[in-house]
Structures are given as C-alpha cells and as structure tokens.
Amino acid sequence: MTFTFGPKISSSEITPREIYLSRRHFMGSALATGAALAASSALSATSPAALSFSQNAFPKPSDTVTDRALATTYNNFYEFGTSKSDPARNAGKFTTKPWTVEIGGEVAKPKTVGIEELLKFDLEERVYRLRCVEAWSMVIPWIGFPLSKLLAQVEPTSKARYVKFTTASKPDEMPGLSYRVLDWPYTEGLRLDEAMHPLTLLTLGMYGEVLPNQNGAPVRIVVPWKYGFKSAKSIVRIDLVADEPKTAWNSAAPNEYGFYSNVNPAVDHPRWSQKRERRLPGFFANHDTEPFNGYGEQVASLYSGMDLAKFY
Amino acid sequence: MSTTTSNSFFKPPLSFIGVIKPLLFCFLLLPSLLISYAIFFDPLMLGANPAEAILHHTGDWVIYSLLLTLAVTPVRRVTKWNDAIKLRRMLGLFSFYYVCLHFLAYLGFDRLFDLSDMAREIAKRPFILVGFLAFLLMIPLAVTSTRGWVLRIGGKAWAKLHKLIYPIAVLGIIHYWWLVKRDIFWPLLLGLVLAALLVYRLFLFLRSAPRQRGVRASS
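Taken in sequence, the protein lines are chains A and B.
Heads up, the first sequence is in our numbering, so the first residue is 118 and it goes up one at a time.
Heads up, the second sequence is in our numbering, so the first residue is 10 and it goes up one at a time.
Possibly wrong hints are sitting among the right ones.
[What the hints assert, rightly or not] Lysine-lysine pairs mimicking DSBU-like chemistry, simulated, CA-CA at most 30 angstroms apart:
| hint | chain 1 | residue 1 | chain 2 | residue 2 |
| --- | --- | --- | --- | --- |
| 1 | B | K169 | A | K427 |
| 2 | B | K89 | A | K392 |
| 3 | A | K210 | A | K226 |
| 4 | A | K214 | A | K363 |
| 5 | B | K190 | A | K363 |
| 6 | A | K210 | B | K133 |
| 7 | A | K363 | A | K276 |
Note that these hints are calculated values from the structure, not bench results.
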C-alpha cells in the first residue's frame with residue numbers, strides 16, 4: 118500500500134512466445150521419436166531446473182498460456198507476506214532440499230516419500246485455468262501426476278473420507294509466519310473422491326521446470342475446478358481422515374470461503390461478484406466465469422444432488 | 010490550479026509557501042502521471058494485475074490526500090505556520106481528483122462501463138456502497154471549493170458544509186477496511202492517523218470557551 122509499483126516486469130524477462138512454443142514443440146517431437154533422454158539432457162543443459170515430462174497426455178485448452186513472468190511474480194502465498202509481490206521477493210531463501218512428505222492417517226500403509234521419489238512418477242504437462250477467489254485468472258502449464266496414484270500406494274482404509282494437506286511452516290525462512298493472518302501451518306482439504314479425481318494433480322513443476330519457491334515448491338496440489346486457495350502449496354503432510362478437516366481460509370472466514378469452494382459464477386463472494394473474471398494481465402473483468410472453471414463435464418457428477426449454494 | 014503567490018512585483022516572489030505549493034502539486038500529480046504512462050506504454054510496470062494496481066493506487070492517494078487535507082489545521086496550530094491554509098484547497102481537490110480516477114477505474118475495468126450493473130453491485134456490497142457514498146459526498150465539496158462559492162453561500166455555511174470531510178474520511182477508511190481479506194495493517198494504520206487528526210479537533214473543541222462552544226452548536 119505504500120507507493121510502490123509492484124514487481125517491475127521488464128519485457129526482457131518475459132519468455133517470447135515463439136521460444137516458449139518452440140521449446141515445447143522440440144520436447145514434443147523429441148518424445149514422439151522416442152528420444153526422451155536426449156531431450157531431457159538437452160534441456161538440462163539450458164536449465165538445471167528442467168524436468169522431463171510427457172507433452173500430449175492431456176488435451177490443451179484453447180486459452181492462451183499466461184506468461185511465466187506474471188505467474189511467478191503475482192502470488193498469494195501469505196507465509197511469505199500478504200502482498201502479491203511479497204512471495205517472489207521473500208521466497209528466495211526457502212530451502213526445498215531435503216524435502217519429504219509424510220502420508221498417514223486412515224491408511225493401511227503409511228509412508229514418508231522424498232521429493233526424489235515423487236519426481237520418478239510419470240510426469241505430464243497439464244495446462245489448467247487457474248481461477249482465484251479474488252476474480253482474476255491465469256492459465257498455467259503445470260507438471261505433475263494425478264494425486265490418486267500416490268494415494269493408491271498408501272491404501273486408504275474404509276474410514277478415510279477426506280484428505281487433509283498440511284503445508285510447510287518454517288519461521289526462519291517464511292517471514293509472513295510472524296504475522297497471524299491465518300492459523301499456521303496453512304492447511305487445506307478435499308473430499309476423498311475429489312482428491313482421487315484424475316484432474317487433481319500432485320504438482321512438481323510449471324513452465325517446463327521445477328516449481329519456483331513462490332509457486333509452492335517443491336510439491337503442491339492443483340485442483341483446477343476450485344478457487345486457487347484450495348490448491349495447497351509446499352506440502353509436508355497428507356492425512357486421510359474421517360471427518361471434514363479444518364482448513365485455513367474456511368476457519369478464518371467461514372461465510373466467505375467454503376470448504377468446497379468450487380468455482381461457481383452463480384454464488385457470489387459476499388463482497389464481490391464471481392460472475393466474471395479478469396484474465397491477467399488484461400485490464401477488464403470481461404471474461405465470463407464458468408461453473409467448475411470450465412471442468413464441469415469432468416467433475417460436476419461429484420456433486421450431483423448437492424445444493425452448491427449451500428455447500429459453497 | 011491558481012497559485013496563491015502574489016502577482017505583485019513589490020513582494021518577494023519566492024515565499025516559502027510559493028515554493029512548497031508547486032512542489033507539493035507536482036508530487037501529488039506524479040502518481041497519476043506514472044499510472045497514465047503505465048496504461049499507455051508499459052502496463053506490466055504495474056505488475057501482473059494492472060487494473061487492480063490502478064484501483065489500489067488511486068484509492069490509496071484519495072486517503073493520503075484526505076489525511077493531508079485534515080492535517081492542515083493541526084500543522085497550522087502547532088507550528089504557527091499560517092500559510093499552510095493556502096495548501097488546503099489544493100489538497101482537497103487532489104483527493105477529489107484521485108477519487109474520480111478511482112471511480113472511473115472501477116466503473117470501467119470492473120463494471121465494463123455498465124451503469125446498471127454498477128448500481129446492482131453498489132446495492133449488494135456494503136464496502137462499495139460506503140466508498141460510493143464518500144465519492145458522492147465529495148462532489149459538493151469540490152464544486153464549492155472556489156472563492157466565488159464561498160462568497161455565494163457565505164463563509165459560515167460554507168465552513169459547515171465542508172465539515173463533510175470528516176464523515177467522508179471515515180467512510181473512506183471503512184471502505185478500505187472492509188475491502189481487505191485478512192491483513193488489516195494498512196487500513197488500521199491510516200485509520201489511526203485519521204483518529205489522531207479527529208481527536209485533535211475534539212481537543213480544540215473542548216478547550217474552546219464554553220460560550221463559544223454553545224455558539225458553535227447552535228449555529
């Protein structure tokens with residue numbers, strides 16, 4: 118709120134679309150000819166953070182992908198500060214190695230997985246729309262694998278009905294934690310069927326590379342049909358639980374942020390309309406918001422018979 | 010904006026107020042110039058969400074200039090720098106300038122210049138209603154800010170009308186407070202500054218002679 122102009126994004130920082138597309142094209146064709154190894158080594162020569170992943174496993178939306186420079190400088194990640202420019206500024210010293218995720222609760226085979234193990238799953242790129250509850254949106258090429266594949270390994274018991282995500286809380290590296298705007302550590306949750314849905318992505322990278330710290334490194338989830346805050350970042354624990362877990366924003370303001378928080382143009386946030394959205398970096402909020410963020414065909418059946426105005 | 014430096018050749022042309030006023034004018038104009046530059050030449054200068062940045066910056070400067078306007082009297086009393094009064098109209102008009110930009114940005118970027126859509130939103134959202142009310146109340150103050158209007162309605166009535174700045178400033182802070190999601194630091198800080206400026210006036214009022222108080226209350 119002081120007079121700063123936010124993160125200055127110089128035009129040179131923005132990857133020219135041709136280069137970005139040609140890199141993807143290069144990756145795609147290399148994989149198609151079975152030269153995946155060559156491709157990944159070629160990529161890692163240009164960037165140590167590059168990931169190898171399959172390109173065309175998931176259909177691409179017609180939406181234009183948001184520039185990486187925008188998606189990595191405009192973030193809600195309150196552990197690094199409440200301003201959108203804070204995470205990019207403050208997440209630099211966040212350490213993501215070593216990193217483990219403990220998976221427990223109502224499971225037959227609890228386990229602790231290292232990030233290296235997660236990176237061995239078959240990674241694929243998924244270009245998803247990201248709709249923030251604040252009525253702006255982006256389109257992000259995430260890299261990861263369906264969370265269901267990981268959950269299957271721990272064998273949820275019949276008591277498991279919900280999944281709770283607990284995220285990193287490192288006061289020395291996350292300056293925002295000293296400020297109790299939310300109950301730390303940040304927690305989020307999904308119903309088990311939502312967590313098992315093939316669209317729910319355990320995410321390790323974006324834009325061809327590992328996740329930048331400010332975007333939730335080294336591992337987060339992405340649930341594209343829900344408002345952005347449901348997609349917990351920098352996850353350290355996954356618990357399968359019997360009852361609906363307490364979640365950070367829902368606890369902070371239950372009338373404004375429901376447990377479900379499915380993108381829904383018919384249910385307004387008490388303080389603003391959700392009918393339309395601003396597709397960044399556009400000026401005008403002239404993009405019609407779609408039910409379930411446009412993924413209704415895949416996920417609407419999860420909620421059949423539910424009053425979505427009540428379970429917002 | 011008329012300057013208050015004398016046109017007479019017989020007075021020194023560079024009084025303190027004669028220097029400070031144009032400087033302050035340029036300083037307060039600068040944010041809007043930067044925003045205009047960004048809109049036309051480099052929107053990403055404002056970050057990934059330029060429209061939101063414009064809404065926030067213009068809103069901030071409404072409150073900053075309102076608080077500066079309200080600071081004139083305390084500064085004058087405490088420092089005995091009487092020329093400070095010559096800044097007050099300019100400061101007040103800057104808050105009106107920024108509230109117009111703020112309103113236009115909202116009407117355009119958020120409501121796509123659809124007035125009926127805007128009316129529906131104002132009716133539904135208390136925080137927008139409060140901000141809109143503050144904007145409406147600022148219009149008569151801006152209109153009657155000229156010397157001609159002071160004479161037309163009389164000094165006493167004019168002064169009374171312009172006491173509207175108190176509820177306007179309070180509404181402005183409430184608008185800001187109700188907008189933020191969780192982090193109330195800035196609305197709280199600015200609200201405390203406003204509270205201090207208002208308490209100072211209460212202090213002046215209570216210190217004034219009881220008779221004078223009675224006169225004020227009945228006027």
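Consistency of the hints with the structure:
1. The straight-line distance between the Cα atoms of K169/B and K427/A is roughly 49 angstroms, outside the 30 angstroms bound, and the hint therefore fails.
2. Straight-line distance between C-alpha atoms of K89/B and K392/A comes to about 55 angstroms, which puts the hinted pair past the 30 angstroms bound.
3. Straight-line distance between C-alpha atoms of K210/A and K226/A comes to about 34 angstroms, which puts the hinted pair past the 30 angstroms bound.
4. Note on K214/A and K363/A: the hinted pairing holds, with a Cα-Cα distance of about 28 angstroms set against a maximum of 30 angstroms.
5. Taken as a hint, the K190/B and K363/A pair is honoured in the structure, with Cα atoms around 19 angstroms apart against an allowance of 30 angstroms.
6. Note on K210/A and K133/B: the hinted pairing is violated, with a Cα-Cα distance of about 43 angstroms set against a maximum of 30 angstroms.
7. With a C-alpha separation of about 18 angstroms, the suggested pairing of K363/A with K276/A holds against the 30 angstroms cut-off.
In summary, the structure is inconsistent with hints 1, 2, 3, 6 from the numbered list given earlier, while agreeing with the others.
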